[in-house]
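Residues 0 to 353, numbered by numbering that gives the first Met the number 0, are exactly what the sequence shown covers, in order.
To be clear, the hints were calculated from the coordinates, so they are not data collected in a lab.
Certain hints may be false.
[Claimed, not checked] Derived BS3-like pairs: lysine-lysine, alpha-carbon spacing no greater than 30 Å straight-line:
#1 Lys152 x Lys79
#2 Lys152 x Lys81
#3 Lys139 x Lys23
#4 Lys82 x Lys214
#5 Lys281 x Lys81
#6 Lys71 x Lys152
#7 Lys79 x Lys23
#8 Lys82 x Lys281
#9 Lys3 x Lys214
#10 Lys81 x Lys23
#11 Lys4 x Lys281
#12 Lys76 x Lys152
#13 Lys214 x Lys152
#14 Lys281 x Lys3
#15 Lys77 x Lys152
#16 Lys295 x Lys79
#17 Lys281 x Lys295
#18 Lys71 x Lys4
#19 Lys71 x Lys281
#20 Lys214 x Lys23
#21 Lys79 x Lys139
#22 Lys139 x Lys76
#23 Lys81 x Lys139
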Amino acid sequence: MSGKKPYRDFNSYLCERFGCRVQKITLDAGLTCPNRDGSLGRHGCIYCNERGSGTGASRSGLSITQQLRSAKSYLAKKYKAKKFLAYFQSFSNTYGPLERLRSLYEEALADEDVVGLSVGTRPDCVSEEVLDCLEAFSAKSLIWMEYGLQSAKDSTLVTIGRGHSVESFADAVRRTCRRGLPICVHVILGLPGETGEDMMNTARFLAALPIQAVKIHLLYVVRGTLLEQWYRWGTYSCLSREEYVSLAARFLELLPPHVIVQRLTGDPHPEELVAPQWAMDKQGNLQALLTHMGEKGLYQGRLFRGGTEQPAGDPLSPTLAGPGAGTCLGRSGESSGGSGEHVWCRVDTKPRVG
């Protein structure tokens, strides 16, 4: 864990591993997802618009090589980055014909300054063949698998239209771990109908799994989504910054100290954001979290008990040792700060009348 931060941050890990500043470059490979192509649905999850949380670069006709070249120049100047991770972000980046996927991955790795890939996808969209392909690349490059879980509560996954279960996520973790690929899990705080305790149960669930990193997102409302309709009907309300900071801090406390924190807030596109407006203040939000944790003496792992602790050595060496590894081993103990049963985000999918 960084000596300056109360959590283990990704930038520090990458600098330690590669000896220089390493920056992620978000890529749009022009892929889709089963929630968009009709396999499961046509409209996506309630918070996802037609860009799939990505850049939309593929629609502009930019190849992977062109996207990398453009971003490298900008990031090298802004962050003094010398090496890069190619982040396949938009939609589900293991969902497509194997040879097309392999070609995309190879194109990104062909850049001499790219030290690895981060492959964002759904846990129900990763086949054995794709995992084998990525495992082969991992012999020479750092390959992260980024799985969108969002919540460890199945009824929430139904509400937000994910189209997969918690068990399908656990299965993807098991199969990925067998190949030695590090896993980053995406979760969202503030999902409709979830209580604070529901969100903390997601943290406990992850604490018992052999994962290596998390991304913690704020649920914000973007244009062109079902969530925007709910928000405008008045049937969904966003978290305040104070609520988000408190929830994110407790979430971190429940995670094992070895888990790397890759993200602690969102990056909404200004032209798409509907609410909350404070989500645009990324640095202010991070500082608010650091101030809150510092003033209260909080830090990652403070409430963690049990789970599948990583052995000493490289934290990116997944293990499946112990009974029940790769599944939830039960609730980790913590010093409770209250019942947490307040419903932070109420949702009624019908508009109010009158």
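Here is what the structure says about each hint:
1. Lys152 x Lys79: 41 Å, violated
2. Lys152 x Lys81: Answer violated: Lys152 to Lys81 is near 40 Å, above 30 Å.
3. Lys139 x Lys23: 18 Å, holds
4. Lys82 x Lys214: 21 Å, holds
5. Lys281 x Lys81: OK: Lys281 and Lys81 at ~24 Å, within 30 Å.
6. Lys71 x Lys152: Violated. Lys71 to Lys152 sits at ~39 Å, over the 30 Å cutoff.
7. Lys79 x Lys23: Distance of about 13 Å is within 30 Å: holds.
8. Lys82 x Lys281: 24 Å, holds
9. Lys3 x Lys214: 19 Å, holds
10. Lys81 x Lys23: 11 Å, holds
11. Lys4 x Lys281: 16 Å, holds
12. Lys76 x Lys152: 42 Å, violated
13. Lys214 x Lys152: Within the cut-off at roughly 17 Å; holds.
14. Lys281 x Lys3: Roughly 18 Å between the alpha carbons, so the hint for Lys281 and Lys3 holds.
15. Lys77 x Lys152: Violated, at roughly 39 Å.
16. Lys295 x Lys79: 34 Å, violated
17. Lys281 x Lys295: 22 Å, holds
18. Lys71 x Lys4: 27 Å, holds
19. Lys71 x Lys281: Answer holds: Lys71 to Lys281 is near 22 Å, not above 30 Å.
20. Lys214 x Lys23: Holds, because 14 Å separates the two Cα atoms, which is no more than 30 Å.
21. Lys79 x Lys139: 24 Å, holds
22. Lys139 x Lys76: The hint holds at about 27 Å.
23. Lys81 x Lys139: 18 Å, holds
Hint compliance for this structure: hints 1, 2, 6, 12, 15, 16 are broken, all remaining hints hold.
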